Amino acid sequence: MFQKILIANRGEIALRIIRACQERGIKTVAVYSEADRSALHVRYADEAYCIGPAPASESYLRGDVIIDTARKAGADAIHPGYGFLAENAAFAAACRDAGVTFIGPSPEAIAAMGDKVTARATVAKAGVPLIPGTPAGLSDDELRAAAEEIGYPVLVKASAGGGGKGMRMVYHPDELMSSLAAARREALKAFGDDTVYLEKVVEGARHVEIQILADMHGNVIHLGERECSIQRRHQKLVEESPSVAVDDDLRERMGAVAVAAAKAVNYVSAGTVEFLLDKDKNFYFLEMNTRLQVEHPVTEMVTGVDIVKEMIAIADGRRLRIRQEDVEMKGWAIEARITAEDPDNNFMPSTGKIVALREPTGPGIRIESSVYVGMEVGLYYDPMIAKLIAYGENRAEAILRLRRALTEYRIAGVKTSIPFHLGLVDTPRFQWGQFDTRFLETHKPPVTDDIEQKRQIAALVSALLLHQRGQQAITFAHAEGNGQPSISVWRKAALLEGLQKLI
Numbered sequence: 001m002f003q004k005i006l007i008a009n010r011g012e013i014a015l016r017i018i019r020a021c022q023e024r025g026i027k028t029v030a031v032y033s034e035a036d037r038s039a040l041h042v043r044y045a046d047e048a049y050c051i052g053p054a055p056a057s058e059s060y061l062r063g064d065v066i067i068d069t070a071r072k073a074g075a076d077a078i079h080p081g082y083g084f085l086a087e088n089a090a091f092a093a094a095c096r097d098a099g100v101t102f103i104g105p106s107p108e109a110i111a112a113m114g115d116k117v118t119a120r121a122t123v124a125k126a127g128v129p130l131i132p133g134t135p136a137g138l139s140d141d142e143l144r145a146a147a148e149e150i151g152y153p154v155l156v157k158a159s160a161g162g163g164g165k166g167m168r169m170v171y172h173p174d175e176l177m178s179s180l181a182a183a184r185r186e187a188l189k190a191f192g193d194d195t196v197y198l199e200k201v202v203e204g205a206r207h208v209e210i211q212i213l214a215d216m217h218g219n220v221i222h223l224g225e226r227e228c229s230i231q232r233r234h235q236k237l238v239e240e241s242p243s244v245a246v247d248d249d250l251r252e253r254m255g256a257v258a259v260a261a262a263k264a265v266n267y268v269s270a271g272t273v274e275f276l277l278d279k280d281k282n283f284y285f286l287e288m289n290t291r292l293q294v295e296h297p298v299t300e301m302v303t304g305v306d307i308v309k310e311m312i313a314i315a316d317g318r319r320l321r322i323r324q325e326d327v328e329m330k331g332w333a334i335e336a337r338i339t340a341e342d343p344d345n346n347f348m349p350s351t352g353k354i355v356a357l358r359e360p361t362g363p364g365i366r367i368e369s370s371v372y373v374g375m376e377v378g379l380y381y382d383p384m385i386a387k388l389i390a391y392g393e394n395r396a397e398a399i400l401r402l403r404r405a406l407t408e409y410r411i412a413g414v415k416t417s418i419p420f421h422l423g424l425v426d427t428p429r430f431q432w433g434q435f436d437t438r439f440l441e442t443h444k445p446p447v448t449d450d451i452e453q454k455r456q457i458a459a460l461v462s463a464l465l466l467h468q469r470g471q472q473a474i475t476f477a478h479a480e481g482n483g484q485p486s487i488s489v490w491r492k493a494a495l496l497e498g499l500q501k502l503i
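Heads up: the sequence shown begins at 1 in our numbering, then just goes up one per residue.
Quick caveat, the hints were computed from the structure, so don't treat them as lab data. All clues stand as given, with none of them false.
What follows is a list of derived Cβ distance ranges for each label pair:
#: 1; residue 1: 124; residue 2: 250; range: 14 to 22 Å
#: 2; residue 1: 263; residue 2: 24; range: 26 to 34 Å
#: 3; residue 1: 142; residue 2: 397; range: 47 to 55 Å
#: 4; residue 1: 189; residue 2: 317; range: 35 to 43 Å
Think about it this way: if two alpha-carbon atoms lie no more than 30 Å apart in a straight line, the pair counts; the simulated DSSO-like pairs of lysine-lysine are:
#: 5; residue 1: 309; residue 2: 72
#: 6; residue 1: 200; residue 2: 125
#: 7; residue 1: 309; residue 2: 4
#: 8; residue 1: 281; residue 2: 165
#: 9; residue 1: 4; residue 2: 27
#: 10; residue 1: 279; residue 2: 165
#: 11; residue 1: 200; residue 2: 444
#: 12; residue 1: 279; residue 2: 125
#: 13; residue 1: 263; residue 2: 200
#: 14; residue 1: 444; residue 2: 279
#: 15; residue 1: 200; residue 2: 189
#: 16; residue 1: 444; residue 2: 281
#: 17; residue 1: 263; residue 2: 125
#: 18; residue 1: 330; residue 2: 309
#: 19; residue 1: 263; residue 2: 309
#: 20; residue 1: 125; residue 2: 281
#: 21; residue 1: 263; residue 2: 279
#: 22; residue 1: 330; residue 2: 279
#: 23; residue 1: 125; residue 2: 165
#: 24; residue 1: 263; residue 2: 330
#: 25; residue 1: 72; residue 2: 4
Model, not experiment: these values are computed from the prediction. Cβ atoms here follow ideal geometry from the backbone N, Cα and C, with glycine treated the same way.
Build out the structure end to end from the sequences listed, making use of the hints.
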């Protein structure tokens, strides 16, 4: 097994990978930008190195600096997490050239699936069903003619895209040219490539994805599905496993297609094949994400498979320890992405210092978080600061536990998506599983921000009273030289600052 792994990422996913390594007795190396000098992943790793200024383009996206750091630290391998360089074929190739193992698929597989048009052509040869669409590289006039043939509404998509960037929904021919121009501008800025193509919009569709694992010895399995239909502007907000729309027969068919797609590019490592599922249970290939997914914990909860550990073992050349017939989905898990955004103000980013924190606990609750009291939340990186996962014997219990955990969750100092999630879980259509990818366009959950604000004020007032009595009011854990947590009491001034922001 590897002796030392560098994690080329930050935040909660870096902590997740560090913990998996610690359980395997593998030493870890963290990298950080100047803005993340006090981040938790820096404190928890065995070693940490600064790799540049705050902007990701000057730090977390500097593959050359990261590889040099791995060499300097004596790391055997690099785990990219998700985002940043996780799906960068050039970075994976550079790791291979440098003699450092990239914990992920081959550069060739990343390249084949990274370009969505190439991916469509590749999986089509393997018999994977596709949504009607166009090839890449067509002119705007050719795309206009193709849209008429496909039929509106259509979706403009960036060929090199991901995360909802470079995508525009077009309902009328008069909107097409402006949407193409906007999508090209956004794609060029995000990916350095303004190539776009069109796909037919599947009305009333669900976003369902299949998690796969593949080793170097030709073994490929799937771990069932995740439902990811609760989205805003193509960004996932809530994920769950299994899906209310998938029965055993459909799961078997979708899983077989996902495995075929992986085999089509000789895929190795963890990956996810994403589909659109229509009202008649027909499913169509969307894309393949050649990395660990943000929502991987829900699959881990229902299957008992540690996907991060499996990725490490696969990269070390080991065979999969489980066969397809060994995979069993038990219970239900739902994940809510906790972001530093204001749901009452069109989800605008919220910045500031975390002045109070209480994370939920109890049966069936799992937190993946990078938050601590005193943490500065800025605008340099993705607004997701934590993930709350609730597990139950069935979906009803998972929802009830998620709701209970959300009411316990306290983050003061910045606006968060917690009030949005509280409103969502109280929505009857969510409770009954009656939703599709456009659910949030037509159903706006009530945001319980006023109630949440009052709760935060009450929590801070209680903390102030405890502080005045000389008791430990608010604590946060941080790792010191020996990696053990220590307790610090936040000063009265910080508590007052939090109250001033809320009142």
